[in-house]
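Enquirer: Residue numbers (this note's numbering), protein chains in the order written: chain A, 389 to 642; chain B, 443 to 750.
Simulated from the structure, these hints should not be mistaken for lab results.
In silico SDA-like cross-links for lysine to any residue, where the CA-CA straight-line distance does not exceed 20 Å: (1) Lys643/B / Asp473/A; (2) Lys477/A / Ser631/B; (3) Lys643/B / Leu469/A; (4) Lys725/B / Val537/A; (5) Lys643/B / Arg512/A; (6) Lys725/B / Asp533/A; (7) Lys670/B / Leu560/B; (8) Lys477/A / Ile644/B; (9) Lys477/A / Lys643/B; (10) Lys643/B / Arg472/A.
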Amino acid sequence: MSDVMVSAEGVHKRFGQNEVLKGITLTVNRGEVMCLLGPSGSGKSTFLRCINHLEQINAGRLSVDGELVGYREANGKLYELHERDVARKRQQIGMVFQQFNLFPHMTAIENVMLAPVQVLGRRRDESRQRACQLLDRVGLADKYDAYPVALSGGQQQRVAIARALAMDPKLMLFDEPTSALDPELVGDVLDVMRDLARSGMTMVVVTHEIGFAREVADTVVFMDGGVVVEAGPPAEVLGAPKHERTRSFLSKVL
Amino acid sequence: MEENELTQPGPGRPDDIRAVPVRRPGRWIAAAIVLICSASVLRFIVTDPAIKWHIVGRYMFDSRILHGVIATLYLSVAAMALGIVLGVITAIMRLSPNPILKSFSWLYVFFFRGTPLLVQITFWYAITALFPNNIISIGIPFGPALFHPDANAIITVFVAALLGLGVNEGAYYAEIVRSGIISVPEGQSEAAASLGMGRIKIMRLIVLPQAMRVILPPTGNEFISMLKNSSLASTIAFAELYFEGSSIYSVNYDTIQLLIVESIWYLAMTSVLYVGQYYLERKFGQGFSRSQRATLRERWFSMGARTR
Ligand SMILES: Nc1ncnc2c1ncn2[C@@H]1O[C@H](COP(=O)(O)OP(=O)(O)OP(=O)(O)O)[C@@H](O)[C@H]1O
Ligand SMILES: [Mg+2]
Chain A
389 MSDVMVSAEG VHKRFGQNEV LKGITLTVNR GEVMCLLGPS GSGKSTFLRC
439 INHLEQINAG RLSVDGELVG YREANGKLYE LHERDVARKR QQIGMVFQQF
489 NLFPHMTAIE NVMLAPVQVL GRRRDESRQR ACQLLDRVGL ADKYDAYPVA
539 LSGGQQQRVA IARALAMDPK LMLFDEPTSA LDPELVGDVL DVMRDLARSG
589 MTMVVVTHEI GFAREVADTV VFMDGGVVVE AGPPAEVLGA PKHERTRSFL
639 SKVL
Chain B
443 MEENELTQPG PGRPDDIRAV PVRRPGRWIA AAIVLICSAS VLRFIVTDPA
493 IKWHIVGRYM FDSRILHGVI ATLYLSVAAM ALGIVLGVIT AIMRLSPNPI
543 LKSFSWLYVF FFRGTPLLVQ ITFWYAITAL FPNNIISIGI PFGPALFHPD
593 ANAIITVFVA ALLGLGVNEG AYYAEIVRSG IISVPEGQSE AAASLGMGRI
643 KIMRLIVLPQ AMRVILPPTG NEFISMLKNS SLASTIAFAE LYFEGSSIYS
693 VNYDTIQLLI VESIWYLAMT SVLYVGQYYL ERKFGQGFSR SQRATLRERW
743 FSMGARTR
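Using the sequences provided together with the hints, build the complete structure.
Expert: Structural data, given as structure tokens:
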């Protein structure tokens with residue numbers, strides 16, 4: 389088994405005439421945490437969404453765990469994947485959104501149980517037990533039966549993380565998971581993510597939390613205008629940025 | 443803390459203000475006019491010998507009327523069910539990326555919403571006449587026919603009424619479902635997709651249950667319209683409530699009394715719907731508001747309290 393979890397080579401993405409990703413090349417190794425930084429509109433979310441095929445790339449190669457995203461290659465030709473196969477690959481990639489996107493008509497535990505039962509066909513009681521464990525792990529042991537409206541933003545985001553983990557993903561994608569939170573709630577969510585990183589989960593995190601990136605990331609990638617400006621260990625990119633654009637961005641967010 | 447200081451009488455806190463309320467004679471006059479008018483109408487209805495309430499009482503549970511009530515109920519429920527199924531399918535087709543499905547559903551809505559219901563019911567009834575020798579051919583279009591059933595046997599008045607009301611309802615209902623579906627934020631579908639759910643599961647487990655909150659109130663409305671519109675089936679001699687009532691008064695001329703009987707039954711049926719709608723709305727509203735779970739009774743009283 390190769391060590392590479394996500395591999396992007398010259399990934400391009402256009403929306404109409406607007407070229408948002410202009411050749412992204414990067415590698416995320418198994419068990420590694422990569423933090424993506426960059427100004428608004430630089431294409432961070434778009435790249436993240438390409439990884440689980442919520443957006444389709446226009447050029448380049450993007451693969452997760454050795455398999456192309458959205459396509460199948462045979463005899464030197466690319467074949468679009470059937471919707472069913474795309475869904476099957478997404479099962480193994482967890483995603484956490486800026487706006488949480490919990491299902492409001494279900495309680496916390498129902499949110500966490502839903503996909504294991506409906507998608508993986510696991511038994512309800514088994515899934516419920518597992519959901520309890522996951523909610524305990526993210527510090528919500530007393531909120532099993534709460535509907536999302538009755539939870540704070542930080543609690544909702546932690547339920548969302550538990551919901552993604554319930555599918556036993558091999559890769560977790562986070563799109564600014566703390567940007568919609570009040571400052572005093574950010575810490576709880578970051579703690580959960582730090583724990584997760586420590587447990588060996590492969591993670592790609594779009595964030596503006598420089599402190600988190602410095603402490604947890606193995607690689608920090610700075611993106612601007614649809615290209616990777618600078619990538620490397622946090623000490624280099626955050627501590628001694630080589631590029632002027634990185635420096636000016638960091639001086640604004642720090 | 444601050445609130446407590448304000449609401450608790452303390453040494454430094456002044457007494458509540460006691461001001462003379464503004465006089466509103468207009469309100470009193472309006473209320474008096476309404477009361478006087480309704481009292482005189484009520485007096486007329488209750489005491490006027492021409493109304494002959496004992497006749498109303500006699501027909502209230504007449505077997506023909508009861509038969510009509512049951513026919514109205516099952517026609518309405520069946521047509522509503524057909525309408526809901528057609529509406530959901532049409533709405534989903536309308537939102538699909540396939541241009542053929544999209545235009546087909548658009549045409550369906552355009553056509554059946556744009557022509558009178560009475561015309562449609564009569565059309566379904568008359569359609570038997572279009573087929574020579576009362577034969578319908580079911581098979582591949584322009585190809586060999588597979589079955590030759592007798593059209594009169596298939597298109598009974600019930601089926602004609604059911605199709606007329608149900609297909610028409612489907613066209614209205616499609617728009618209701620569509621507005622419900624597009625009211626669910628796209629992030630919901632994306633979150634479900636990222637968990638590995640396919641399109642049908644996302645629709646069934648995530649989108650439609652949330653759309654229900656938007657769909658239900660107009661559904662109650664549609665159901666009530668359906669109950670009343672089902673009386674149009676009398677024009678093709680389907681024996682529902684209105685038809686039964688009028689065939690009685692066409693003989694004995696107790697027109698007013700029978701119309702009152704019918705109205706009371708229609709009101710009774712719609713009242714049952716109100717209760718059902720309330721509890722369905724409560725079920726599908728779960729998770730959308732912090733305070734909930736009031737019974738119908740509590741809601742009624744709290745409504746009164748708020749308006750006072
Ligand atoms: N579905 C879409 N259709 C058209 N344009 C889009 C779409 N999604 C994103 N874009 C455009 O792509 C560009 C990059 O967007 P993206 O959301 O990836 O930026 P970002 O780096 O995540 O920014 P932010 O920090 O504000 O979230 C923006 O100019 C945006 O307008
Ligand atoms: Mg973004």
